[in-house]
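Taken in sequence, the protein lines are chains A and B.
Numbers 1 to 217, taken from my numbering, label the letters of the first sequence in order.
Numbers 218 to 434, taken from my numbering, label the letters of the second sequence in order.
Rather than coming from a laboratory, the hints here were simulated on the basis of the structure.
All residues carry an ideal CB built from backbone N, CA and C; glycine is no exception.
There may be inaccurate statements among the hints.
Said to hold, decoys possible - List time: in silico EDC-like cross-link candidates among lysine to aspartate or glutamate, alpha-carbon distance up to 16 Å:
1) B:LYS269 with A:ASP87
2) B:LYS296 with A:GLU122
3) A:LYS53 with A:ASP42
4) B:LYS269 with A:ASP42
5) A:LYS52 with B:GLU336
6) A:LYS52 with B:ASP292
What the hints assert, rightly or not - Coverage of chain B stretches by chain A, computed from C-beta distances (three or more under 8 Å per stretch; other residues unrestricted):
7) 265-279
8) 286-293
9) 358-366
10) 406-413
There are 2 protein chains.
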Amino acid sequence: MVEEVKLFRTWSSPYALRVVWALQLKGIQYETVLEDVSEKSDLLHRYNPVYKKVPVLLHNGRPISESLVILEYVDETWKQHPLLPQDPYARATARFWAKFVVRDCYTHEEEEQEAALAEASEHLQKLEEELRGKKFFGGDNIGYLDIALGWLANLIRVSEEICSHKVVNYERFPLLCAWLKEFSDAPVIKDCWPPHDKLITKFIALRQLHHARSSST
Amino acid sequence: MVEEVKLFRTWSSPYALRVVWALQLKGIQYETVLEDVSEKSDLLHRYNPVYKKVPVLLHNGRPISESLVILEYVDETWKQHPLLPQDPYARATARFWAKFVVRDCYTHEEEEQEAALAEASEHLQKLEEELRGKKFFGGDNIGYLDIALGWLANLIRVSEEICSHKVVNYERFPLLCAWLKEFSDAPVIKDCWPPHDKLITKFIALRQLHHARSSST
């Protein structure tokens, strides 16, 4: 039987990228359906009627939504290149950190930005500890948590280019810095990054929109 | 080896109840550590330094946080009475719905309340469909999704007692109504509900606090 694997995504969604990377790592052939966030397709409404968001993975006619749920599904359905570790405690640790988010630092006013950065740093310190003695969060190979935190690599690259601050500096987070580079440069990962210039343009527009809104109140 | 299993919870946390039910269903002996939300213990800060929230499960000295992560850990560590189904797609469906939340309907102003109720109804309709042909979301037995949605049973019981509206009526959601009753009355579940009167008192106080805040702006 030829399998039908379709991924509904946008060109820039970091959540959708998680699924792209997982499918690439496992070597699964799939078809991409590019969605426009400003005009979502009827199919997206049909396949994710609760949140109407990408990513949606369609596997032999059955839709799965929510990027972390999709990662687990992909890992359970295709066994090659396991994403989650075997040990239950290591799995729990990976799942815990996968939900971790850093508040956007680039869209805040200066004072808010500093508070957001302080909180981010405190949490990043704990992630730094998770990397001790390992190349990737998954060990020698890219795994579930690397993929889940991939947006962080993305955000940091862009933030540092368009903002004045450096969220992750080498002196304070040497292991995270090394991870950012190893992960971003890994062939499977690198090949799937959204076009850099287009991303920068998008983030600058978002920041301007935010500033315009803040100053109009 | 005697296992150390400790659960840090509060008397009313619906997220902690998920873990209580899971441990009870699997017949695991454990010790309860009751936390006071207004004065969290040093141990809670130590075991969940990122969010400082209950529930935390401590298993042989190692802490696990986030209720849904704990449920997966419990299910992978103790195999008796499996919580998640075996089939990857059924697992994905259970995980998707486990994240589902209904916005609190009891704390809103009338107009907001109606919008929240309309959205809740739309989503509850989809949950209703999930129950077709089944006694529990897990099939014949209480499973992961039943436990994850247990707060719903809790919220609905309390909301209906202290508010005028009925979120889940029998005519519109007959299967959900039957599930609410089956689930709430199952011995393992019933034995662990927080004291009803104390819960009602708490929700009335919360509602008054919210009203006081709304009218002081």
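Hints violated by the structure (listed by number, smallest first): Of the numbered hints, 1, 2, 4, 6, 9 and 10 do not hold.
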